[in-house]
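Trainee: Same order as they appear, the protein sequences are chains A and B. Mind the numbering: the first sequence is residues 1 to 502 in the numbering used here, read in order. Mind the numbering: the second sequence is residues 1 to 311 in the numbering used here, read in order.
Don't read these hints as lab results, they were simulated from the structure. Built from N, CA and C at the ideal position, the CB exists for glycine as well. Watch out, some of these pointers could steer you wrong.
So the derived label-pair ranges between C-beta atoms look like this [unchecked claim]:
id : chain 1 : residue 1 : chain 2 : residue 2 : range
1  : B       : Ala17     : A       : Gly19     : 40 to 48 Å
2  : B       : Ser58     : A       : Ala281    : 41 to 49 Å
3  : A       : Ser392    : B       : Arg282    : 50 to 58 Å
4  : A       : Ala281    : B       : Asp201    : 53 to 61 Å
5  : B       : Ser58     : A       : Arg12     : 32 to 40 Å
Residues from chain B that keep clear of chain A, each with C-beta distances beyond 10 Å, as calculated [to be verified]:
id : residue
6  : Pro81
7  : Met138
8  : Gly231
9  : Gly284
DSS-like cross-link-like pairs, simulated, lysine-lysine; straight-line CA separation at most 30 Å [what the hints assert, rightly or not]:
id : chain 1 : residue 1 : chain 2 : residue 2
10 : B       : Lys136    : B       : Lys88
11 : B       : Lys136    : A       : Lys301
12 : A       : Lys301    : B       : Lys130
13 : A       : Lys301    : B       : Lys88
14 : B       : Lys108    : A       : Lys301
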Amino acid sequence: MALFQLIAQEYRRYVLTRGFLLFLAIIPISIGFGALAGFLSEYAAPVRAFTVVDATGRYGTEIDRVLEQRHLRRVVSAWDAYVEGLEAVGDEEFDLPDPFAPDDNTPARRIAFAEAGGLEAANAAIAGQLPPDTPLAEEPKRNLRRVPPPADIEGLPLEQAAEALRPFLNGDAEIPGSDDGLFAAVLIPADFGPDGAEAQFWTQNLTDESLSDAVEEALTVALQRRAYEERGLSIQDVRAVDSIRAPFDRFKSNSETGEAVSVREELALYVPLGLAYILLAMVLSVGGMLLTSTVEEKSNKIVEVLLSSVTATELMVGKLIGLLLVGITAPVLFLLLGFIALTAFGGAGEVVSAFRAILFGSPLVPLFFFYFLLGYLMFASLYLAIGAMSQSIQDAQSFVTPITILLVLPLPFLQMVVTDPNGIVARILTWIPIYTPYAVMMRINADPPVWEIVGATLLLLAFTGALVFFMGRIYRNGVLSSGGAPKFTDALKLARTSSASA
Amino acid sequence: MTDPVLRLSGITRRFGAFTAVKDLSFTVRPGEIYGFLGQNGAGKTTTLRMLMDIVSPSAGELSVLGSHRPREVRRRVGYLPEERGLYKKMKAADSIAYFARLKGVPRKTARERAEALLDRFELGEFANAKIEALSKGMAQKVQLLSVIAHEPELLILDEPFSGLDPVNQQILEDMILELRAGGRTIIFSTHVMEHAERLCDRFLMIAKGKKVFEGTLADARAREGERLLLGTPDDPSGLTALPEVESVEAVEAALFRLSLAEGADRQRVLAACLERNIRVERFGAAQLSLHELFFRLAGAAPDEAAQREAA
Chain A
1 MALFQLIAQE
11 YRRYVLTRGF
21 LLFLAIIPIS
31 IGFGALAGFL
41 SEYAAPVRAF
51 TVVDATGRYG
61 TEIDRVLEQR
71 HLRRVVSAWD
81 AYVEGLEAVG
91 DEEFDLPDPF
101 APDDNTPARR
111 IAFAEAGGLE
121 AANAAIAGQL
131 PPDTPLAEEP
141 KRNLRRVPPP
151 ADIEGLPLEQ
161 AAEALRPFLN
171 GDAEIPGSDD
181 GLFAAVLIPA
191 DFGPDGAEAQ
201 FWTQNLTDES
211 LSDAVEEALT
221 VALQRRAYEE
231 RGLSIQDVRA
241 VDSIRAPFDR
251 FKSNSETGEA
261 VSVREELALY
271 VPLGLAYILL
281 AMVLSVGGML
291 LTSTVEEKSN
301 KIVEVLLSSV
311 TATELMVGKL
321 IGLLLVGITA
331 PVLFLLLGFI
341 ALTAFGGAGE
351 VVSAFRAILF
361 GSPLVPLFFF
371 YFLLGYLMFA
381 SLYLAIGAMS
391 QSIQDAQSFV
401 TPITILLVLP
411 LPFLQMVVTD
421 PNGIVARILT
431 WIPIYTPYAV
441 MMRINADPPV
451 WEIVGATLLL
461 LAFTGALVFF
471 MGRIYRNGVL
481 SSGGAPKFTD
491 ALKLARTSSA
501 SA
Chain B
1 MTDPVLRLSG
11 ITRRFGAFTA
21 VKDLSFTVRP
31 GEIYGFLGQN
41 GAGKTTTLRM
51 LMDIVSPSAG
61 ELSVLGSHRP
71 REVRRRVGYL
81 PEERGLYKKM
91 KAADSIAYFA
101 RLKGVPRKTA
111 RERAEALLDR
121 FELGEFANAK
131 IEALSKGMAQ
141 KVQLLSVIAH
151 EPELLILDEP
161 FSGLDPVNQQ
171 ILEDMILELR
181 AGGRTIIFST
191 HVMEHAERLC
201 DRFLMIAKGK
211 KVFEGTLADA
221 RAREGERLLL
231 GTPDDPSGLT
241 ALPEVESVEA
251 VEAALFRLSL
261 AEGADRQRVL
271 AACLERNIRV
281 ERFGAAQLSL
291 HELFFRLAGA
301 APDEAAQREA
311 A
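The shape of chain A in the complex, shown without the other chains (with noise of 0.2 Å):
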């Protein structure tokens, strides 16, 4: 009954706190953040001016059919993410003709996009299959614009032409119809070519290189397409030539479909991977929680208190528990709340429903929470007993930081698990009790040997069943004592102690 008590204090202390209500808000704001960032790239994007002062006179409308094709790529693939979000959320498939049906972004399949009519026909086909007043697909927003030079540049030699759009690139000077400067100019010379001079791409800005990839690739293809004239090539033989693809897909040997990799053996790679990363968050901060508890605890001597009403086991247990229940909250809640919007919203959306299955489908929720327990246990008994060694946090950061930096230890490697499953970095992390949780978790669903995951398991059972008993006679020796820091040989001295009390 008292055990009770203990717990829902320990849990009330920690989740009715601002704190604790503001780290499970954090995860809802920072998708928010993300989807913020997104659409301001998208739609808050700056419309860009640029100029080209072309001696030759024949690479302006190269430059403009490149940008045309990249926005065409834009366009088509937020066409396909709009029809498979839509299909996501209602469960169906829309029938729509073969260049506005979802499929790879190729250079042809954007060619028939653009030959069967674009966006504005694709929206009419999908219009009559939709519920009435579903917003239809918008065009992406192009944001570059090419204009042409001001009027007095003209006929200057380049080095002249250059110093006289200074102003203009450097925002001192405006446009004539723009209310803007010029992101960046194009300048080539008359004698330009593969042997002759460079063109020159002026900017401020260097960093965003959409642009001058797209005017290298512009002039690119235009000298290319002149050397085949030259040599007596078709242009639409080096094209046909051009856009052959070698077919390749890619296949899971022990997968049971022998269908090519989907989506959901892609997850199944990285859900677990997050999972362990999670794991790894909630035991450094329940962790601190267990520890900031016992040290004030102490150093208020409420211990004593306490200790005249429960017993040192009680009170750690209930300590120990009740610090679970506030580091499994989050996650608990979190799967909760997508097992909500999987089942509302769910579908045949091959996302979803993949996440759906290797999350809800597969031993992994489960034995998330098992290793989590022991992960927890391993670590929240070693803070404790830090915590009853210590008169204060100054006191514990001598011991903590060393358990920590063990802790975050195997992060670098943890890429390496998920790459190499069963490689020898995975085993030998499946074989460190301290990493096992972390390990086992990422290899569960790489068909890891059965003997390899129960063997590493026992020992992880027995190393934190070895570690609670040792560190919890620390703590129930420890907690009444005063004295300064705690050393590593009182440690040991107190761990020898059988019990003051029990």
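Once you've looked at the hints, dock chain B against the given chain A.
Mentor: Below, chain B alone, put in the same frame as chain A:
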């Protein structure tokens, strides 16, 4: 009601090579206020912790409310440790209710008692204030209330007066007397003798873990023998020649304290003064204060005060 509330016999507690409490025996009767006196480090806190089974004795036997396992009667005992603490972020009423619930009081009752106690001790308006917002005196009151909210038969208070200003000390004294009037037995430790002198029915003095005295104030005074206070400008040291006078010590200028042998006749001492031409300006019985008795009985010297606190 004749069974003692508390009985210790031959209790010893060692911490490694250090013996904090040595062969200690005493009993506390129901309804008593029992003082537990000793210097810092004398073994008071260790003894009280043994009564609560927070620390177990190395040797000896103790019985609390008739049980040899203090843990079994924990819920009938209230314990206020020497160094006090409450959860800073917890509200006053919640704190009292929480500690009562740990002692097995049902939720609703605990809550009601917490509010009633706060009202009675003029803290009703702070029921929903966090502990960190209370003054030290208020927080100490809340702590004491949290120790009595489960209505214990036996209250063990370790240094309850330390850190309180004179007003709050008086309030605490009144609380203790009120609790005793309600039929409870109270043991408290202190090194401030004035409180013990005013409150205690009986007291125990320990020094370096050993009992040096147990009984009433009158017992202690009787044990120290009768004393006379003699005011004279002359030197009365010759009086030690009398069989009645054991020693003469100067208290201040022209004032001396005479220790008398058992059953000594004061008249004969006065007569002897007159015989020896010692001018008598003041002559009367001298009552030793508990403070003085403590120094005599415990053999305490100020420089030993820095002894390390047990455990």
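Trainee: All the hints need checking, so say for each whether the structure fits it.
Mentor: How the hints compare with the structure:
1. Taking 40 to 48 Å as the suggested C-beta distance range, the pair Ala17 of chain B and Gly19 of chain A conforms, at roughly 46 Å.
2. The beta-carbon spacing between Ser58 of chain B and Ala281 of chain A, approximately 46 Å, falls within the hinted interval of 41 to 49 Å.
3. For Ser392 of chain A paired with Arg282 of chain B, a C-beta distance near 57 Å keeps the hint of 50 to 58 Å intact.
4. The supplied range of 53 to 61 Å is met by Ala281 of chain A and Asp201 of chain B, whose beta-carbon atoms lie about 60 Å from each other.
5. Between Ser58 of chain B and Arg12 of chain A the CB atoms are about 39 Å apart, so this pair conforms to the stated range of 32 to 40 Å.
6. For Pro81 of chain B, the non-interface assignment is contradicted: its Cβ lies about 4 Å from the closest Cβ of chain A, within the 10 Å cut-off.
7. Its beta-carbon lying about 16 Å from the closest one in chain A, Met138 of chain B satisfies the requirement of being farther than 10 Å from that chain.
8. Its beta-carbon lying about 49 Å from the closest one in chain A, Gly231 of chain B satisfies the requirement of being farther than 10 Å from that chain.
9. The non-interface label for Gly284 of chain B is consistent with chain A: the shortest C-beta to C-beta separation is roughly 47 Å, beyond 10 Å.
10. Proximity of Lys136 of chain B to Lys88 of chain B is assessed by CA-CA distance (about 12 Å); at most 30 Å being required, the pair is judged to hold.
11. Between Lys136 of chain B and Lys301 of chain A, the direct Cα distance comes to roughly 15 Å. Compliance with the 30 Å bound is thereby established for this hinted pair.
12. Between Lys301 of chain A and Lys130 of chain B the alpha-carbon distance is near 18 Å, which keeps this suggested pair within the 30 Å criterion.
13. This hinted pair checks out: Lys301 of chain A and Lys88 of chain B have alpha carbons roughly 12 Å apart, not beyond 30 Å.
14. For the hint pairing Lys108 of chain B with Lys301 of chain A, the CA-to-CA distance comes to about 27 Å; that is within 30 Å, so the pair holds.
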